[in-house]
Each structure stands twice: as C-alpha cells, then as structure tokens.
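We have chain W already, so just place chain H on it with the hints.
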Amino acid sequence: MTKSYKDTFTGPHLLGIAGLNRLEVESLLDRAEGFVALNRRRDKHLDILKGRTLVNLFFEPSTRTQSSFELAGKRLGADVINMAIKTSSVAKGETLIDTAVTLNAMHPDLLVVRHSASGAAALLSQKVDCAVINAGDGTHEHPTQALLDALTLRAHFGDLAGIRIAICGDVVHSRVARSDITLLTLMGAEVRLCAPPTLLPASAAEWGIEVFHNMGEALDGCDVVMVLRLQNERMTSACVPSTREYFRYYGLDRAKLSNAKKGALVMHPGPMNRGVEIDSEVADDPAISLITEQVESGVAVRMAVLAALAEGEA
Amino acid sequence: MKGAKAEPVIITGARVIDPASGRDEILDVRIENGRICEIGVSLQKDDVQNIDATGLILAPGLVDLLVKTGEPGAEARETLRSAGKAAAAGGVTTLVVSPQTDPVIDDPAMVDFIKRRGRKRAAVHILPAGGLTRGLKGELLAEIGLMKEAGAVLFTNGDHPIGNAAIMRNALTYAGGMDALISNRPIEPRLSANGVMNAGDFASRLGLGGIPAVAERIMVERDVALAEVSGTRVLIDQLSTGAALDVVRQAKGRGVKVHCTVSVHHLTLNELDVGDYRTFARLSPPLRSESDRLALIAGIPDGTIDAVVSGHDPRPAEEKRLPFSESSPGAVGLETLLSGALSLVHNNEISLRDMLFVLSAGPAKMLGLSCGKIEPGVTADLVLFDQDKPWVCDANKLRSKSKNTPYDGRRMQGRVVMTFVNGNCVFNRQA
Numbered sequence: 029m030t031k032s033y034k035d036t037f038t039g040p041h042l043l044g045i046a047g048l049n050r051l052e053v054e055s056l057l058d059r060a061e062g063f064v065a066l067n068r069r070r071d072k073h074l075d076i077l078k079g080r081t082l083v084n085l086f087f088e089p090s091t092r093t094q095s096s097f098e099l100a101g102k103r104l105g106a107d108v109i110n111m112a113i114k115t116s117s118v119a120k121g122e123t124l125i126d127t128a129v130t131l132n133a134m135h136p137d138l139l140v141v142r143h144s145a146s147g148a149a150a151l152l153s154q155k156v157d158c159a160v161i162n163a164g165d166g167t168h169e170h171p172t173q174a175l176l177d178a179l180t181l182r183a184h185f186g187d188l189a190g191i192r193i194a195i196c197g198d199v200v201h202s203r204v205a206r207s208d209i210t211l212l213t214l215m216g217a218e219v220r221l222c223a224p225p226t227l228l229p230a231s232a233a234e235w236g237i238e239v240f241h242n243m244g245e246a247l248d249g250c251d252v253v254m255v256l257r258l259q260n261e262r263m264t265s266a267c268v269p270s271t272r273e274y275f276r277y278y279g280l281d282r283a284k285l286s287n288a289k290k291g292a293l294v295m296h297p298g299p300m301n302r303g304v305e306i307d308s309e310v311a312d313d314p315a316i317s318l319i320t321e322q323v324e325s326g327v328a329v330r331m332a333v334l335a336a337l338a339e340g341e342a
Numbered sequence: 077m078k079g080a081k082a083e084p085v086i087i088t089g090a091r092v093i094d095p096a097s098g099r100d101e102i103l104d105v106r107i108e109n110g111r112i113c114e115i116g117v118s119l120q121k122d123d124v125q126n127i128d129a130t131g132l133i134l135a136p137g138l139v140d141l142l143v144k145t146g147e148p149g150a151e152a153r154e155t156l157r158s159a160g161k162a163a164a165a166g167g168v169t170t171l172v173v174s175p176q177t178d179p180v181i182d183d184p185a186m187v188d189f190i191k192r193r194g195r196k197r198a199a200v201h202i203l204p205a206g207g208l209t210r211g212l213k214g215e216l217l218a219e220i221g222l223m224k225e226a227g228a229v230l231f232t233n234g235d236h237p238i239g240n241a242a243i244m245r246n247a248l249t250y251a252g253g254m255d256a257l258i259s260n261r262p263i264e265p266r267l268s269a270n271g272v273m274n275a276g277d278f279a280s281r282l283g284l285g286g287i288p289a290v291a292e293r294i295m296v297e298r299d300v301a302l303a304e305v306s307g308t309r310v311l312i313d314q315l316s317t318g319a320a321l322d323v324v325r326q327a328k329g330r331g332v333k334v335h336c337t338v339s340v341h342h343l344t345l346n347e348l349d350v351g352d353y354r355t356f357a358r359l360s361p362p363l364r365s366e367s368d369r370l371a372l373i374a375g376i377p378d379g380t381i382d383a384v385v386s387g388h389d390p391r392p393a394e395e396k397r398l399p400f401s402e403s404s405p406g407a408v409g410l411e412t413l414l415s416g417a418l419s420l421v422h423n424n425e426i427s428l429r430d431m432l433f434v435l436s437a438g439p440a441k442m443l444g445l446s447c448g449k450i451e452p453g454v455t456a457d458l459v460l461f462d463q464d465k466p467w468v469c470d471a472n473k474l475r476s477k478s479k480n481t482p483y484d485g486r487r488m489q490g491r492v493v494m495t496f497v498n499g500n501c502v503f504n505r506q507a
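Those protein sequences? They're chains W and H, same order as listed.
Residues in the first sequence are numbered from 29 upward in steps of one, following my numbering.
Residues in the second sequence are numbered from 77 upward in steps of one, following my numbering.
Since the hints were made in silico from the structure, they are not lab data.
Possibly wrong hints are sitting among the right ones.
Unchecked claim - In silico negatives: residues of chain H with every beta carbon more than 12 Å from chain W:
1) Arg-195
2) Gly-214
3) Gly-221
4) Ile-243
5) Asn-246
6) Ala-247
7) Tyr-250
8) Ala-269
9) Ala-279
10) Arg-354
11) Arg-491
To be verified - Okay, the calculated beta carbon distance ranges per label pair:
12) W/Glu-238 with H/Arg-354: 57 to 67 Å
13) H/Asn-270 with W/Pro-299: 43 to 53 Å
14) H/Ala-241 with W/Ile-76: 26 to 36 Å
15) H/Gly-485 with W/Asn-260: 44 to 54 Å
16) W/Ser-144 with H/Ala-152: 45 to 55 Å
17) H/Gln-326 with W/Asn-242: 26 to 36 Å
18) W/Gly-47 with H/Ala-241: 35 to 45 Å
Here a beta-carbon is modelled for each residue, glycine too, at the ideal position from N, C-alpha and C.
This is chain W alone, in the form it adopts within the complex (with noise of 0.2 Å):
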C-alpha cells in the first residue's frame, strides 16, 4: 500500500491530538513499537539525532515526563539540556515569549515545553524555529501521555476500535484526560467519563460520549478503567468534600472493579495518590494494572515523536 505524503506524522509540532488523523497516530505508534523492543535491550543507543539540541522546557515541576523526554532524547543521541526554570529568568519576570525569542537565538532543533497555561505550547511555536513538542499546557492537552496510553492498550488488544475505557476522576482539570478522549475516540474506543458533576466539564455531554456519575454503572462492561489524579488542591475544595467521601463513590477498589469485564485492565497517568482516587490492591495488581507499563511506553512514545519531527525538519 502506498502512503501519501499525510500518512506519516511529520510535524512540524506536537502541539496535541486534535489536528492528527489515525494514520498519523498509527504511524507514531507503529515507530514506537519499535523502539519498546529497543528499550529492553542491553545497548538502548541510536544515532538518529545525533547533533540535535533538544532542550526541555519545563514551567512546572515534573519528574516522570521531564526525564521520560530526557532519555528518549539521549537514546537517541541528542543532546539535552533541562531548562530548570525556578533558576531561570522567568523567575526575574521574562515573558514566556522572550524566553522562546532567546531559547531561538541558541538554535534548538527540539523544543518540550510544559506550562501551566492552556495555550502556551501553541504560542511558543509561533516564535521559534524549530519543533515544538507539547508537554502538557494548562488543562487543555498532553498528547504524548494520551500517545502512550494508546501504545500500551495497542500491546493488549491489537485494535483499540470497540474496546469500552472509562475514564474516572478529575476530568475537568486534566490535560491528559482531554488528549485521550480525542485520542481514544480516534482510535474507535468507546469511551465514557464517570466523575462528581463537580469534575466534569458542562459540557460534557456534548462531547459525544457517555458520562456517569456512578461508577457501577460507568464500569458495566468496561475493558479498561483509567483512574485520573486528583490533584490535592482539589481534595477539599468546593468541588469534593473530602478524600474519605471521594474514595468513597470514585475511588477504584476492586468492588467497583467487579462491575467491569472480567479481567478489566486499569491505568493511571501517574503520579497516583493511594486511597484517594485508587486502592493499592488495584494498583499493584500486576494482573490487571499497566501502570508501570505506561511508563515504559512513554519513554518508546517520545522516541517515536522526536524521531518523526527530527526526520519531518530535515
């Protein structure tokens, strides 16, 4: 079969899901698989970007992300330097736009950035150069862990069209929960949302898939059950009572586990707060749980990426 020209992810940014057909993803998916095998090698190392600066920008803390991105860019023999920005001089009040009019001037060839404003990948891409990579912006996207969470189910069903994925918890302020919506539904999952009215964007509804308020019934049927953080802000706040009410109605146990399939398969983006939104008897069931899973998926999906707009650049 021949491909056109749209049948391959190019670039020229990863700003989100949105935007992306299914061959592109597949694309990204099918590089990635190759690079899981490369992973679980003695010698991890290629050469692909040997020569290229990839720079990690990272306006808010991260641990898994920031060193998942490093060492897809090491492996792949960039070099890379983590912007550490407490030390930075956004800290001495440099706009996020002269930031990138300087980060330019140093010729990066792969920009990740994470910030805490919705939006801000996009507008960094307007300013530089080269690539930009969307590392989480604000509550709108995370195209990478939704990339990852599509690998990892790939690894388990083949196809990912007609399997049931609820997603439960904190919708309305997850990136991630956005990238994968659109992701999923890409793909031809079935997905559906169970969360407090409270977590739940208004609109919800609208967005073509199921939502539920309660897990029995959100779980009926389920292949898979992916439990979002609840950021601790949000645990007393006017939108939750409290941890113990939340554990309560949204926490995954494994009684409301039993409402899904059989066997049901459970993720979470990391990092998981025990007892709140997951029981540790789910988590660490190496059974059914992928979570450390999707972390070695992460780091062959970040591969896949910067591989795909190193080539697209040149």
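Chain H alone, transformed into the frame defined by chain W:
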C-alpha cells in the same frame, strides 16, 4: 413510646381527610402493627381498643421541615425530647432538624448521632438535615454523599444563605450526582445587613433597619437560575414575599426543579404585628406586608408552595427581652403549627384540604417519604383534631423549653386531640 409494639386500635366515626387522594368522608380506621390496615364504614370492632372520634378530623400527621433544637450544644433552649413533646402536641409526627447545632451537623457521625438520639428520646420521627458546607461557613462542601447514606434527608446552611454563587453552583452540581436535595435560605446577605424587620414605611416610622423584599427576590432568582443550569433540585427555604413567590411560580411553570416552603407565621401575621417593638414578632425572614401575606396564601392552592412549616426556632427569654434590634429573630411553632394554619381555614382564606396537603403530603413527597397519607399499608402517623375548638394561646403553657411565640395571647380555633406515631398514641389531650 413510638418504638414499642402498638396495640391494635380502631378510630371510629372521624372525618377522614387524606389530602393526597382527596378522600374526605366519615370512616373508621383500623391500625395494627403500627400501620393503617383497614379504612371503611362501620368496621368490625371485635375487642380491640376503640377510640370514638365522632366530630373530629383524622388527617395524616404533619411533616415539619428544618426545625431548630438545641441538641447538642444548647439543651437549655430545646432538646430532641422537648421538641418531640411539642411536636406531638401539635400533631407533627415527622420533623426534620436543622444542622444548626453545636457542633453543627456536617459529617456522617453527627447525622447518625441525631438519628439515634431522636429514636431514643423523641416521641416523633426525627430526620436530620445535613450541613451543606463545612461548619456551615459557606466555603467548602460538606460530605453530602456520606451524610445522605447515613440518613440526612436534605442539605442546608440553615438560616445563613450561601452568599457566594460559585459555591452554590458547585453545591447544586455536586448534589446532582448524589441525588441529594439542597436547600437555601433566600436572602441576599449584603442587601439585608443590619436589617431587623421588613423594609418599608412601618420600619421607617419605627426607626428600625429594613430587610428589603428585593433581597429575597434576588436570591430566589439566582438559585432558580443555578438549579436550571445544573439540572438539580433546589428547595427555597421559607419565602416571605409575593415577588419571590412569583419567581418560583414562573420557574415551576417552565419545568425548573424548584420547591419552596413558607412558615405559618408568615401566612397568619404581617409586619404590623411587630407593633410596639414586640421582639417575639422578630422573625427570620421578617414578617412582611399584608399584600405579601395574601400573595403567599394564594401560592398554596396553585401548587407553588410545597410545604408550610413552623419555622420552629426556640430562643430563651434573655435573647428576646432586649431592644428590638438587639434581640434574636425566631419563634417556636411546632405546637401551634396546625392551629395557626386552621385559622386561615376559618377565615375562608384557604380550603381545609389544601392546607392539610402542604402540612403533610406536600413535604413528604418532596423528601420522598412514604408518610403523609392515609392508605392501607402506610405507617400510622396520624393526627386527630377538633377543627373548631376555641382556645387562647398561652406561651407559658407550651411544651417547648423556650416560649417565644408571636401567638401569645392570641385567640385560636382548632386544636389537636390525639397524635399517633407508628400507631402509638404519643399525645392525648384528654388523658
């Protein structure tokens, strides 16, 4: 008491009025195992206890919403036991207690405490209302789901309205997921600061700070709008003005899930009852104008008002024997609720059936309770009253620990004779 096994009893010759079905005829009612088991003409009497109720009216026991007691925290004011006695004497068989206690009822353990304490000490059914926000501070949501599971029937901040619209929206949105009923007192706090009575000519003459009617209307409009966007039911707790009632009427007309209550004091008294600075007529919300009172009565037969309540708020004498503006608002009302309501019937302001409906079936339906009707199989929570009996209200003879009633010295007509809870007679005036 109400928990003990009831002896079978037959009430004969009463005019049985079941406002839910519209039944109104002279019938016998047989009670067994705490339930109504048979209703009919000249039932076989066997050897069971026979109560001759000829000339009296038998109606469902009254259901009163958001009654304040002082238990726990201010037991000198009112306990669940004393409130239960007052309720039984007033024909009230189910009362929902306000979370405004000390400590406040804002977690499942307190809900459980009130339920158990009520079961043990009160002659009538005690249902707790849970606090809507933690500490009733109006900032953080209380554990609505857990409290509902523990038995809280509705959620409210008591007399203190939720002033912050974002908190109220979140509360309604969250409650929607728990299928919980949220209640709010309709008063815009900033518009009523320093007010002690209805704003208007009379307040101006008395030199007292006014609470404008518009402060109520604004809050009702806000809560109706929030209920509309969230799709969640809201209960407007104690309306006092015709303008706000119109807002509810229109909202109901377009299908918004909104309920409202009004207190019997606001149906029977007006701002002129404040008279010569009578602090016993200082209420929250304040007594309004005569045109408001008439408008509220009109809201009963057309279904705008779901329940008429006592607004029971016991206050010790030391909080009332003060200059008007320094006194506490509030009045006791459990014991005078039915008599006060019957005065409207005697004045031909409303039909007996419509009045009884909003005292029993209306609130029961709103809370999803099975009581409030006279049907075979239903728990025998009943009131037997003499519609015409004249009496003079003497505050000192009330069973409440606090005696703050605006009806003191008022000539009343119609009085409770017996009250049954779970088929047990919990009050008998002739005994």
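Against the structure, the hints:
At the 12 Å boundary, the C-beta of H/Arg-195 stays outside the reach of chain W, the nearest C-beta of that chain being 25 Å off. With a least beta-carbon separation of about 10 Å from chain W, H/Gly-214 fails to lie farther than 12 Å from that chain, contradicting its non-interface assignment. The Cβ of H/Gly-221 does not lie farther than 12 Å from every Cβ of chain W; its closest approach is about 5 Å, which violates its non-interface assignment. Non-interface status of H/Ile-243 relative to chain W is broken: a Cβ of that chain comes within 12 Å, the nearest being about 5 Å off.
At the 12 Å boundary, the C-beta of H/Asn-246 falls inside the reach of chain W, the nearest C-beta of that chain being 4 Å off. The beta carbon of H/Ala-247 sits about 7 Å from the closest Cβ of chain W, which is not more than 12 Å, so the claim that it is off the interface is violated. Look at H/Tyr-250: its CB is around 5 Å from the nearest CB on chain W, not clear of 12 Å, so calling it non-interface is violated. At the 12 Å boundary, the C-beta of H/Ala-269 stays outside the reach of chain W, the nearest C-beta of that chain being 24 Å off.
The claim that H/Ala-279 is not at the interface with chain W holds, since no C-beta of that chain comes within 12 Å of its own (minimum 36 Å). The beta carbon of H/Arg-354 sits about 40 Å from the closest Cβ of chain W, which is more than 12 Å, so the claim that it is off the interface holds. The beta carbon of H/Arg-491 is kept farther than 12 Å from every beta carbon of chain W, the shortest such distance being approximately 44 Å. The hinted window of 57 to 67 Å between W/Glu-238 and H/Arg-354 holds, with their beta carbons roughly 59 Å apart.
Separation of H/Asn-270 from W/Pro-299 is about 50 Å and conforms to the stated range, judged on CB atoms against 43 to 53 Å. Judged by the Cβ atoms, the range 26 to 36 Å given for H/Ala-241 and W/Ile-76 is violated: they are separated by roughly 55 Å. Between H/Gly-485 and W/Asn-260 the beta carbon distance is about 60 Å. The supplied range of 44 to 54 Å is therefore violated. In this structure the supplied range 45 to 55 Å holds for W/Ser-144 paired with H/Ala-152, their Cβ-Cβ distance being about 54 Å.
Taking the beta carbon of each, H/Gln-326 and W/Asn-242 are about 33 Å apart, inside 26 to 36 Å as hinted. In this structure the supplied range 35 to 45 Å holds for W/Gly-47 paired with H/Ala-241, their Cβ-Cβ distance being about 36 Å.
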